[in-house]
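Chain A is fixed; fit chain B onto it per the hints.
Top line first, the protein sequences correspond to chains A and B.
Reminder that position 263 of the first sequence reads as 306 in my numbering, one-by-one numbering, no gaps.
Reminder that position 157 of the second sequence reads as 200 in my numbering, one-by-one numbering, no gaps.
These are computed hints drawn from the structure, not numbers from a lab.
Predicted, not measured: the structure shown is a model, and the values here were computed from it.
Any given hint could be a false lead.
Sample of chain B residues at the chain A side, in silico, Cβ under 10 Å [as the list claims (entries may be wrong)]: (1) T186; (2) E254; (3) G268; (4) R338; (5) H432; (6) T436.
C-beta: ideal position from N, C-alpha, C; glycine also.
Protein chains: 2
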Amino acid sequence: MYEMLGGLTVIEASSFVASPTAGLYCAQFGAEVIRVDQIGGGPDYRRWPVTADNASLYWENLNRAKKSVALDLGRPEGRQLLQELVAATGQFITNFPAEGFLSHATLAQLRADLVTVRVMGWPDGSPALDYTVNNAVGYPMLTGPGPEPVNHVLPAWDLLTGAYAAFALLAAIQRRSATGQGSEVRVPLSDVAIGTAANLGGIAEVLYSGENRPRLGNAVYGLFGRDFVTADGQRVMVVVVTHRQWAKLLAALGLEQAVAAIETERGVSFATDDGLRFTHRDALYPLFEAEFARRRHGELAATLDAAGIVHSAYRTMLDAARDSAMVEENPMFSPSAGNPSGFAYPAAGAFGTVPQMERGNALAAPHNGEHTEEVLARHLGLSSGEIAHLIDTGIAGIHS
Amino acid sequence: MYEMLGGLTVIEASSFVASPTAGLYCAQFGAEVIRVDQIGGGPDYRRWPVTADNASLYWENLNRAKKSVALDLGRPEGRQLLQELVAATGQFITNFPAEGFLSHATLAQLRADLVTVRVMGWPDGSPALDYTVNNAVGYPMLTGPGPEPVNHVLPAWDLLTGAYAAFALLAAIQRRSATGQGSEVRVPLSDVAIGTAANLGGIAEVLYSGENRPRLGNAVYGLFGRDFVTADGQRVMVVVVTHRQWAKLLAALGLEQAVAAIETERGVSFATDDGLRFTHRDALYPLFEAEFARRRHGELAATLDAAGIVHSAYRTMLDAARDSAMVEENPMFSPSAGNPSGFAYPAAGAFGTVPQMERGNALAAPHNGEHTEEVLARHLGLSSGEIAHLIDTGIAGIHS
Numbered sequence: 044m045y046e047m048l049g050g051l052t053v054i055e056a057s058s059f060v061a062s063p064t065a066g067l068y069c070a071q072f073g074a075e076v077i078r079v080d081q082i083g084g085g086p087d088y089r090r091w092p093v094t095a096d097n098a099s100l101y102w103e104n105l106n107r108a109k110k111s112v113a114l115d116l117g118r119p120e121g122r123q124l125l126q127e128l129v130a131a132t133g134q135f136i137t138n139f140p141a142e143g144f145l146s147h148a149t150l151a152q153l154r155a156d157l158v159t160v161r162v163m164g165w166p167d168g169s170p171a172l173d174y175t176v177n178n179a180v181g182y183p184m185l186t187g188p189g190p191e192p193v194n195h196v197l198p199a200w201d202l203l204t205g206a207y208a209a210f211a212l213l214a215a216i217q218r219r220s221a222t223g224q225g226s227e228v229r230v231p232l233s234d235v236a237i238g239t240a241a242n243l244g245g246i247a248e249v250l251y252s253g254e255n256r257p258r259l260g261n262a263v264y265g266l267f268g269r270d271f272v273t274a275d276g277q278r279v280m281v282v283v284v285t286h287r288q289w290a291k292l293l294a295a296l297g298l299e300q301a302v303a304a305i306e307t308e309r310g311v312s313f314a315t316d317d318g319l320r321f322t323h324r325d326a327l328y329p330l331f332e333a334e335f336a337r338r339r340h341g342e343l344a345a346t347l348d349a350a351g352i353v354h355s356a357y358r359t360m361l362d363a364a365r366d367s368a369m370v371e372e373n374p375m376f377s378p379s380a381g382n383p384s385g386f387a388y389p390a391a392g393a394f395g396t397v398p399q400m401e402r403g404n405a406l407a408a409p410h411n412g413e414h415t416e417e418v419l420a421r422h423l424g425l426s427s428g429e430i431a432h433l434i435d436t437g438i439a440g441i442h443s
Numbered sequence: 044m045y046e047m048l049g050g051l052t053v054i055e056a057s058s059f060v061a062s063p064t065a066g067l068y069c070a071q072f073g074a075e076v077i078r079v080d081q082i083g084g085g086p087d088y089r090r091w092p093v094t095a096d097n098a099s100l101y102w103e104n105l106n107r108a109k110k111s112v113a114l115d116l117g118r119p120e121g122r123q124l125l126q127e128l129v130a131a132t133g134q135f136i137t138n139f140p141a142e143g144f145l146s147h148a149t150l151a152q153l154r155a156d157l158v159t160v161r162v163m164g165w166p167d168g169s170p171a172l173d174y175t176v177n178n179a180v181g182y183p184m185l186t187g188p189g190p191e192p193v194n195h196v197l198p199a200w201d202l203l204t205g206a207y208a209a210f211a212l213l214a215a216i217q218r219r220s221a222t223g224q225g226s227e228v229r230v231p232l233s234d235v236a237i238g239t240a241a242n243l244g245g246i247a248e249v250l251y252s253g254e255n256r257p258r259l260g261n262a263v264y265g266l267f268g269r270d271f272v273t274a275d276g277q278r279v280m281v282v283v284v285t286h287r288q289w290a291k292l293l294a295a296l297g298l299e300q301a302v303a304a305i306e307t308e309r310g311v312s313f314a315t316d317d318g319l320r321f322t323h324r325d326a327l328y329p330l331f332e333a334e335f336a337r338r339r340h341g342e343l344a345a346t347l348d349a350a351g352i353v354h355s356a357y358r359t360m361l362d363a364a365r366d367s368a369m370v371e372e373n374p375m376f377s378p379s380a381g382n383p384s385g386f387a388y389p390a391a392g393a394f395g396t397v398p399q400m401e402r403g404n405a406l407a408a409p410h411n412g413e414h415t416e417e418v419l420a421r422h423l424g425l426s427s428g429e430i431a432h433l434i435d436t437g438i439a440g441i442h443s
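Next comes chain A alone, as it looks inside the complex:
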């Protein structure tokens, strides 16, 4: 954990991926992030993957370095405590409904300069999830060789929404520092999805052409990039994004003359045009397929590395987890002591590395209610007697 956001406290009332990652990134940068959940855990508390004891490996990684306060949010007293925590601290991340007891208008009555970041499904408040906004903008119809649509497995929209929400939180805080004014930033998954399709030129593209891009399997649109299989059966992705890389790749594979022959035959030059390398892929791909099929992966990888070509072998997540350079010896990971599951494994810290700062170890996720007493005392000034009463009456829960 880096002490980048030291002094900042964020209340997080959320579940699943998007909103919790926003809190996670803040916590990994040193903010005090207090996740407030229903006593016993929110709807994501047992989300798979789980251990044999039904401890969620998902939850305990998405909520590292946070504190946990457990309240009965079904009762007015529990809801009021959550409202008071938001008002006392001034920063709030949530995916609770825009209207209701956690509406920004309600909370801003308790603290005028409040900053709220709210992850939503659709902008009108109706529900959506990563998998449903993905369909709605058309990516599954472009993924895989076809003809069936293919969902991506990575919850990409949740993740992008979460990182954007963390950015929006700091932007709104910066504005408050400059103007004194609080605000709510609403980030609907559906707007992130359609807005991204637009940012990448996809919306302009289909409106310009009046048709959809073809299915390309594992090939990359508009440049030279695809998967190829080596003599020993290893599938490798190769992507060329600069003209220098193109020249180097041809040299590395001994394909200069064969490619020059295609250029002559078709009256084009691939040297400085990504698009032509894509347009004429029918002629280029077979040449590369043959060269990859003639070489073993070890030898080929060394050749490509030496030439500065961007490539990588397809492998499984277990391969990745056991790749010591990527995990065990990667400074982003550290031993995780005290995981709620009891299982110990390398734990990830902040994605960002700051050479000027000390990267502390990754911290464990809390047990449900582990910090209820500490937080109610420190942020709401409740006495130990008052807290004991809340616990006795089931308004607040603690880890026992």
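Just chain B now, with coordinates in the frame of chain A:
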């Protein structure tokens, strides 16, 4: 454009997706983002999709609301001007190499409290791209029905890295405000990818089980969610994330009794356990397949909407672009005047919506060098004579 980050100036020297989106998000929130490129455009300036005139619809959407300064970065004088712009403004986003003329150490000699955010491939500086880190962490081996690996088409790692970089920029600025200290935050695509696999519990899962998750096609791991096809041939994604939604879905489809029979036969209850709904999918899926196949999509969608079930039809990007609620009438979009391509279409603004603030129209991307004179005058205090000399000698370029 929202005036959230008014007063902040960011120099961006970057290309492709990750680093430019970091600048884009800042620009859409009102920061002055000055993209500095090679005269004539960087390596992404003609990236597909392009118009018939070879104008990049990709570039002009990833660089909206920014300013453009064109310099000859192959010459020492051009490089020095870029260094001076970074030093004069104090905030820098880049994907240039960590060592070299844009190294943080070099730049910090000109401005001690500089904040640099650097998007990288691998942490050691070797090159990687979205498609290659994706393979390296294993997602293509989990995507689609198998057995072949399937790349996702969405550049998810680039996008996540870009949003995280924008967050990291504001975090480092916040630290500088508190401590006076500058810093560099390095964000390697590979760390974002393996760190995300860890955050989602994936690394823990494979190390715990010693094996990879099975390929699930369009089904969602660990809960009830999958695609089904209606009587009129519409494929629909349905995902259940709360126990209330499960009960509602069974009622909406009239499946209570059939599901109860499975529960009795197998000695389980699906009512409050996502995992069991997944484990027993062999029995559950056929029931739902039959019910979807009996209903037409229009009728079914209305039933599911009324019950608050999260669902969506698969459609193409052209369908999405022509969905007026999602694009034309969505307040996130506005008419785009002045696109460099000359093609007019709805332009996306910030993903976030701030009810307390005015959302201005989305701004166009600049032409290469459109703001060279303005920026060199304002941020470096150069005279018109000095600027004219730079242009005459080909050190600086302007849009003509």
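Evaluated hints:
1. With a least beta-carbon distance of about 5 Å to chain A, the hint placing T186(B) at the interface is held under the 10 Å criterion.
2. For E254(B), the interface hint holds, the least distance from its beta-carbon to any beta-carbon of chain A being 7 Å, beneath 10 Å.
3. Of the supplied interface hints, the one on G268(B) holds, with its beta-carbon coming within about 6 Å of a beta-carbon of chain A, less than 10 Å.
4. Interface hint status for R338(B): violated, as the beta-carbon distance to the closest one in chain A is roughly 18 Å, over 10 Å.
5. Checking H432(B) against chain A by beta carbon gives a least distance of about 30 Å; that is not within 10 Å, so the hint is violated.
6. Hint on T436(B) is violated. Least Cβ distance to chain A is approximately 25 Å, over the 10 Å limit.
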